[in-house]
Structure formats: structure tokens, C-alpha cells
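A.B. asks: Chains as they are written, first to last, in our numbering: chain A, 1 to 274; chain B, 1001 to 1189.
Worth flagging that the hints you see were computed from the coordinates, not collected in a lab. Careful: at least some of the hints might be erroneous.
Per the computed footprint, the stretches of chain B lying under chain A, defined by three or more beta-carbons under 8 angstroms from a beta-carbon of chain A, are [unchecked claim]:
1) 1023-1037
2) 1134-1142
Cβ-Cβ distance ranges computed for the label pairs, FRET-style [said to hold, decoys possible]:
3) 1171/B / 124/A: 40 to 46 angstroms
4) 1164/B / 68/A: 40 to 46 angstroms
5) 1176/B / 69/A: 21 to 27 angstroms
6) 1139/B / 52/A: 44 to 50 angstroms
7) 1150/B / 60/A: 26 to 32 angstroms
8) 1171/B / 67/A: 25 to 31 angstroms
9) 193/A / 1084/B: 54 to 60 angstroms
We put the CB at the ideal spot given by N, CA and C, even for glycine.
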Amino acid sequence: MTPRDPSARAVAASAASAASAASAASAASAGAPGTGPARVGLAGPADPSGTSGALLAAVELRKRFGATPALDGASLRVDAGEIVALMGPSGSGKSTLLHCLAGIIGPDAGEVHYGTRRLSAMSEAGRSALRRGEFGFVFQFGQLVPELTCAENVALPLRLGGVGRRAARERARAQLARLGVDDVAGKRPGEVSGGQGQRVAVARALVTEPRVIFADEPTGALDSLNGEEVMRLLTQAAREAATAVVLVTHDARVAAYSDREVVVRDGRTRSLAG
Amino acid sequence: MPCIVLRMSIGHTLLGLLEAGPRHGYDLKRSYDERFGHDRPLHYGQVYATLSRLLKNGLVEVDGVTPGDGPDRKRYAITEAGVTDVEHWLTQPERPDLYLHSGLYTKLVVALLTGRSATDVLDRQRAEHLTAMRTLTRRKTGGDLADQLVCDHALFHLEADLRFLELTAARLDALRNAIRSPQAEEARP
Ligand SMILES: Nc1ncnc2c1ncn2[C@@H]1O[C@H](COP(=O)(O)OP(=O)(O)O)[C@@H](O)[C@H]1O
Ligand SMILES: [Mg+2]
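Work out the full structure, taking the sequences as your base and the hints as a guide.
C.D. replies: What follows is the structure, encoded as C-alpha cells:
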């Protein structure tokens, strides 16, 4: 954790909660195989908040942590396949917004729409299933399970989703190869470099072919060259699969891999439409 | 070509200064030099040439003539069209290049002096920079090593500019207070 980023704590906590939520959901769905989340349609009924047709939309989100206001009327629209960068100073609410969008935490007010569904209207198990089936996550670090090999880490979300051991392993290997890190497949996360570890994390986020990848400072712990390489691979793979990406970064050169930037300041979003 | 750019920018800057109230040419020159002319003060000739061009284009009007002789007898006031012109100029981001800072600084000061949103000026500039950076990044990812080096060089420079913009955004209140000089108040009719 860099002392520069006070949100590292929240990210680590949410990574843990995402992981435990994912396993809880897998336990829940184990009794009802084949009832995975339905893929959302893109067209919705016309609505006044302008979220119609969006893959993901946050409307006027507010969130406080005790006396600290983290979000103060933040809105965001992400279309299918779009890569959106959330930029802004440390502590401005970027991670909180990302966590709300992904249904990891609930806002105090406002609503998050995923296609035609409202996240607040879903059960916790439903949101977990969504995170496991349709979302992928990449954090700054600390997201890989240290006891598992890199290949097992990438196969994990597939196994949790009910894919057989052999098929999961093959898909994991193929995804690692696509990101140029098949040589670390048998190693544990503690035995690989930071850049390799992040590529494994990207492979794990991509392997389930999600509709949205949430990436919170994915290059924050890497040097320039490794950071660029991770961004190039992540955005190239996302574009090929038409996967949307919500990317949190304070680094403009990282944000330049996106289609569009949104600035978060004091918990409010400000679009920079040129 | 650079001369034209320079003159255009002097015109807008003088207009911005005139928004505070009518002034004589001499007064405008002093005000300009104080705020923007540290290493390159205006010549009187430049001031009067610029003012007569602004007059011809209907962006300023003569507000009063003091008896006597010499070129400085006229007092100039900004017109509606002049205000619109300043407004439009402020909405145009500067081309992202190495000469950004003086142009951007001028826009910020004029925005602050005239009670317009300096944050908007900064945000538009940021958007312009980010757009340039996206274009370079796309070119880089599709290019060979030479392309990558050329693009990376430009990207690092733009990134440095962006950091400057971020810092300036955080210092806007201080800048607003610093530029509130008694002279600007004096000029009010
Ligand atoms: N779990 C939490 N508990 C208490 N305060 C939090 C928590 N998460 C975030 N915050 C606070 O909310 C504000 C926004 O944080 P965050 O969304 O992490 O900002 P960013 O990601 O832009 O750095 C900060 O003041 C932060 O300290
Ligand atoms: Mg953060």
C-alpha cells in the first residue's frame, strides 16, 4: 500500500468482499445449476434520467462514510464495449463510484442501472451472481490468491461459475498465453514480478468473457513500461471482445488508452466532452 | 503568422481588461504590462494599432475625449460585441504545444478578472490535451518502435502540461485573490 493513496485500504477491503461474495454466490447457485444471470439487453424503455440504452449507468449517487462524504451526486453512463476512464485527485471518490457501479457497496441515495435492471432492486445473491458472471475486476495488487498457482487463479472464476476442471484449465492457459504470461502458469503469485502478476490478474478478469471490467488503478504499482504493457493488453483484449471497461486512474498516460475521460472532483462527476 | 496570433491575443486581452470599465490607452498598456508583459512589455504603437482595429471591428467604442492633444485623449469602452468576442475566445482551448502556458495563463487571468469560470477554461484545456494524448496513444499502439518513441516523447510532455493544469486548478482561489489589484477597481466607472 502506498501512503500516497488513502483508498488502497478500501480497494483491498472490497477485493476481499468481492471474493467472499463470489464464493457465497457460488454456494448459492450450486444448488440451482444453470440459473446463471441472464445477459442484459441493451435497449430499455425510455426513461427520464437518460440511462436508456446504456450498459451501465449511475444516476446521482450519494455515499457517506461516517462524516466523510465520498460521493455527492455522481452520475456516469457507460455504453456496451466502451472504455471510460475515471480521473481525479486522490480521495475524490473514484473508487467509491467504481464500487457502487459494480454493486460491491450500495449508495445512500441514487441508483445504479445495469441494462434494464436496478442494482438496489436485486438481492445480494443476485448482485453476487452478476459480479461473478458478467463483471471482471482488476485492482492495484493483492487480488490473486497466494496459495494457488497463476493458472489456478485464472481458472478460479470459471470453476466458481460451474465450469469443469479440465475446461477451466484449458481456457485459463489460453488466456495467459494471449497476455504473454503462459510461462508463469505453474508459479505462485509470490514468485512472479509485479508486471507479470498484473497480467495474470487481467487474464483472470477476462477469462469469463465479462460484459464489464472494473479496473481500479491497475497499473498503480507498476513502472511506466510495465504499466503501458498492461494497459495495451487490457484495452486490446477488451476491444476485441467488446467488453466495456471502467478504469480508475490518476495517470493521464494510462487514461489515454480509454475512449473517454470523466473527472471526479469532490464526489461529483464532470464530463470533459471536448 | 506568429505575429498575427500574438496580435489577436493582445486584442482579446485588452478587451478583457476593458470589461472592468472604460480606460485610456496608456492605462491599458500599464495594466497589460503589469499582468502579462513581464518579459515583453507592449509598445504604445501596438496598443493604439490594436485599439484602432478593435474600434474598426466594433468591439470597442470611444467613451469620451479629453481636451488637449496627443494620442491618449480617447477613453475606450468595450461594446456588447466585444464582450461576446472575449466570451468566445475563452471557450477556445489553446493548441497543446510548448507555448501553452502563456496563452492559458492569460485566459485564466481574464476569466478570473471578468468573473467567468476559470475552472471551465482549465477543464476545456484538459479535454483538449487528453484528446491529443488519446490520438497519440492509438498511433503508438499500432506503430513500430520509431512511432512509439516519437509518440511517447509527445505524451510525456502533454502529461507534464496536465500536471500543471491539475496544480493550477488546485490554486485557483489563490490566483483569484492575487490578481485582485486596487488598479482594476479604480478603473470602474
Ligand atoms: N471504507 C471507507 N471508510 C471510510 N472512509 C472511506 C472509505 N472508503 C472511502 N472513504 C473516504 O471517502 C473518500 C473518497 O474515497 P475514494 O473513493 O477511495 O477516493 P479515490 O479512489 O478517488 O482516491 C475519501 O475521503 C476516503 O477517505
Ligand atoms: Mg481509489
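A.B. asks: Run every hint past the structure and note whether it holds.
C.D. replies: Outcome of the hint check:
1. 1023-1037: violated (count 0)
2. 1134-1142: holds (count 4)
3. 1171/B / 124/A: 40 to 46 angstroms: holds, 44 angstroms
4. 1164/B / 68/A: 40 to 46 angstroms: violated, 29 angstroms
5. 1176/B / 69/A: 21 to 27 angstroms: This hint holds: roughly 25 angstroms between Cβ atoms.
6. 1139/B / 52/A: 44 to 50 angstroms: violated, 35 angstroms
7. 1150/B / 60/A: 26 to 32 angstroms: violated, 43 angstroms
8. 1171/B / 67/A: 25 to 31 angstroms: At 27 angstroms between Cβs, range holds.
9. 193/A / 1084/B: 54 to 60 angstroms: holds, 58 angstroms
Hints 1, 4, 6, 7, counting from the list given before, are not met by this structure.
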